[in-house]
Amino acid sequence: MSNWQQYLNSTVRDMPPSGIRKFFNLAAEMDDVISLGVGEPDFVTPWHIREACVYSLERGYTTYTANQGLPALRQVISKYLIDSYNIEYNPKSELLITVGVSEALDLALRAIVEPGDEVLIPEPCFVSYMPCTTLAGGKAVPLNTSIENNFQVTAEMVERAVTPNTKILFLCNPNNPTGATISKDNLLAIAEVVKQHDLIVISDEIYDQLTYKDEHICFATLPGMKERTILLNGFSKAYAMTGWRVGYAASNPDFIAAMTKIHQYTMLCAPITAQMSAMEALKNGKIAMIKMVEQYNRRRKMVVNAFNEMGLDCFEPGGAFYAFPSIQKTGMSSEEFAEELLKETKVALIPGNAFGPSGQGYVRVSYATSLQDLTEAVKRIASFVKKR
Amino acid sequence: MQLDKAILELLEQNGKITNDEIATLLDIPEEEVQKLIEDLEQKGIIAGYQTVINWDKVEDEKVNAVIEVKITPQREVGFDAVAERIYRFPEVHSVLLMSGDYDLVVFLEGKTMKDVAQFVSSKLATMEHVLSTATHFVLKTYKKHGRILDDNETDRRLVISP
Ligand SMILES: Cc1ncc(COP(=O)(O)O)c(C=O)c1O
Chain A
1 MSNWQQYLNS TVRDMPPSGI RKFFNLAAEM DDVISLGVGE PDFVTPWHIR EACVYSLERG
61 YTTYTANQGL PALRQVISKY LIDSYNIEYN PKSELLITVG VSEALDLALR AIVEPGDEVL
121 IPEPCFVSYM PCTTLAGGKA VPLNTSIENN FQVTAEMVER AVTPNTKILF LCNPNNPTGA
181 TISKDNLLAI AEVVKQHDLI VISDEIYDQL TYKDEHICFA TLPGMKERTI LLNGFSKAYA
241 MTGWRVGYAA SNPDFIAAMT KIHQYTMLCA PITAQMSAME ALKNGKIAMI KMVEQYNRRR
301 KMVVNAFNEM GLDCFEPGGA FYAFPSIQKT GMSSEEFAEE LLKETKVALI PGNAFGPSGQ
361 GYVRVSYATS LQDLTEAVKR IASFVKKR
Chain B
389 MQLDKAILEL LEQNGKITND EIATLLDIPE EEVQKLIEDL EQKGIIAGYQ TVINWDKVED
449 EKVNAVIEVK ITPQREVGFD AVAERIYRFP EVHSVLLMSG DYDLVVFLEG KTMKDVAQFV
509 SSKLATMEHV LSTATHFVLK TYKKHGRILD DNETDRRLVI SP
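Those protein sequence lines, which keep their order, are chains A and B. Per the numbering used here, the first sequence runs over residues 1 to 388. Per the numbering used here, the second sequence runs over residues 389 to 550.
Possibly wrong hints are sitting among the right ones.
[Said to hold, decoys possible] Each computed DSSO-like pair below joins lysine-lysine, with the alpha-carbon atoms no more than 27 Å apart:
1. K213/A with K343/A
2. K532/B with K291/A
3. K458/B with K291/A
4. K458/B with K532/B
5. K291/A with K393/B
6. K286/A with K423/B
7. K445/B with K291/A
8. K531/B with K404/B
9. K346/A with K184/A
10. K184/A with K286/A
11. K379/A with K343/A
12. K286/A with K445/B
13. K423/B with K291/A
14. K393/B with K301/A
15. K404/B with K445/B
16. K379/A with K404/B
17. K301/A with K531/B
18. K346/A with K404/B
19. K301/A with K404/B
20. K393/B with K213/A
Calculated directly from the structure, the hints in this document are not laboratory data.
Given these sequences and hints, build the entire structure.
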């Protein structure tokens, strides 16, 4: 039997499989699991969006679109950004519709990173940032955040990690997996450091609508940041549209043109059906979205209180739909905790270190789960913890 | 008032939710929830508690009808007096005053079609100030009080995702 491994590209071969994968296999084998391990809304896409999608198919919208995406959708996104953050992107040259934020962040990295460039990535972070950086030929440099400073990214952290090779700073605000939102003071100070060291910022703001305490601050609106920021956003979370695969990037015309070049050869365009539906979401989706956010907010409080009552320190997340409690008091590692909890109580959550080594000692709890399941899960976790 | 509204929404969603659960969700003490709910009941804002039942699934069948009623409004009391004469009947579920071609719409529940026909012909149509009625029988209920009956939309997500 020949070993086909040797034929593989070495970067891909040497890349460790996602930490989530392993745990997924374990959880998928069990029946009747209550899962708090899901990174997507428990709501189905609001009906008006699905209905608009069906209508678009009936009218025969089944073709390719412009590489950059439907002009009408870019127009609506441009308007959304003006209305929400008073920031103006030219729909012709400064917006690109992508196949989710996932594709957008890959494009951004590939368009900018040269071999050896360093990319600063606040950790714990979304699972794609590090591998996509590596695939683009860059060197991922983690900035470790922790519960002690409320998972804040600070200007000092950035400053300390910067070298002559640093080119990009990633920001994920609000954050997956910690749920942290970055304070205005910190963002302003970070912007100063970014300017000083001439960095490019990739700002993943996919959870911008899911904030519960402070108004979301769009990083590109800070002084001098618009040109050097690649703003990423999409429809997956706010409109419960994960399966549609549509998102967008906004930046200066040079960056967007470069990203479009890769996109046109590798993806051609985002699916027209998803683009038509995204348009409906932005035009008429606000009421349904606010209702979902309201529900997340209630569950958020319930979950945070529950973990703190169990004696597991849980920072109060200001955004997204995740809580990230510390399980250090149990004396277990994140994997041990998650595995034993799953086996003993059939509750699934994700070990924190699936989001980078700095996530060790935590678990990610998604409260995008029905209240009923959440209540039951929290009960089971509490009795599990009590026994340790 | 903000809290009142939040409580009402939670109860409207799920009448079985406990005060303790409401307290956790709204991050207020349970005693406060209790007091606010008592106030709402006292003021008649909470008029009662009911269960959404899919009677189509129960052997013991019921017949539902929607009846359009035209009436002559009365001096001083307008439509209210006639409406009251109608809604006092226990078989009448809901009575609404409508704009448009007719005045009242009456939701009626009976054991059999004959029951309903009997009620309309002997009680409703002959009532003073009632000009005419039009009875429609319900064939199937798809959605009731915001609930889709027989909803087949289940959670289709993978158990773990990033
Ligand atoms: C921070 C973050 N960025 C990007 C994504 C991917 O989003 P999309 O569905 O738009 O590709 C996710 C999804 O989990 C996320 O949490």
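Outcome of the hint check:
1. Using a Cα cut-off of 27 Å, the hinted pair K213/A and K343/A is violated, with the two alpha carbons roughly 35 Å apart.
2. Between K532/B and K291/A the CA atoms are separated by roughly 20 Å; this keeps the pair inside 27 Å, and the hint holds.
3. With a C-alpha separation of about 39 Å, the suggested pairing of K458/B with K291/A is violated against the 27 Å cut-off.
4. Restraint check for K458/B and K532/B: the C-alpha separation of about 26 Å stays at or below 27 Å, so the hint holds.
5. Restraint check: the Cα-Cα separation between K291/A and K393/B comes to about 14 Å, which is no more than 27 Å; the hinted pair holds.
6. The straight-line distance between the Cα atoms of K286/A and K423/B is roughly 33 Å, outside the 27 Å bound, and the hint therefore fails.
7. For the proposed pair K445/B and K291/A, the alpha carbon gap of about 31 Å is over 27 Å, so the pair is violated.
8. Note on K531/B and K404/B: the hinted pairing holds, with a Cα-Cα distance of about 20 Å set against a maximum of 27 Å.
9. A distance of roughly 40 Å separates the Cα atoms of K346/A and K184/A; the hinted pair therefore is violated under the 27 Å criterion.
10. Note on K184/A and K286/A: the hinted pairing holds, with a Cα-Cα distance of about 25 Å set against a maximum of 27 Å.
11. Distance restraint check for K379/A and K343/A: the Cα-Cα separation of roughly 16 Å lies within the 27 Å cut-off, and the hinted pair is therefore satisfied.
12. Restraint check: the Cα-Cα separation between K286/A and K445/B comes to about 36 Å, which exceeds 27 Å; the hinted pair is violated.
13. As the CA atoms of K423/B and K291/A are separated by approximately 26 Å, the hinted pair is consistent with the 27 Å bound.
14. With a C-alpha separation of about 18 Å, the suggested pairing of K393/B with K301/A holds against the 27 Å cut-off.
15. Of the pairs offered as hints, the one joining K404/B and K445/B holds, with about 21 Å between alpha carbons and a cut-off of 27 Å not exceeded.
16. Of the pairs offered as hints, the one joining K379/A and K404/B holds, with about 19 Å between alpha carbons and a cut-off of 27 Å not exceeded.
17. For the suggested pair K301/A and K531/B, the alpha carbons sit about 31 Å apart, so the restraint of at most 27 Å is broken.
18. A threshold of 27 Å between alpha carbons decides the hint, and for K346/A with K404/B the separation of about 26 Å falls inside it, so the pair holds.
19. In summary, the hint linking K301/A to K404/B is supported, as the alpha carbons are separated by about 20 Å, within the 27 Å threshold.
20. As the CA atoms of K393/B and K213/A are separated by approximately 20 Å, the hinted pair is consistent with the 27 Å bound.
Hint compliance for this structure: hints 1, 3, 6, 7, 9, 12 and 17 are broken, all remaining hints hold.
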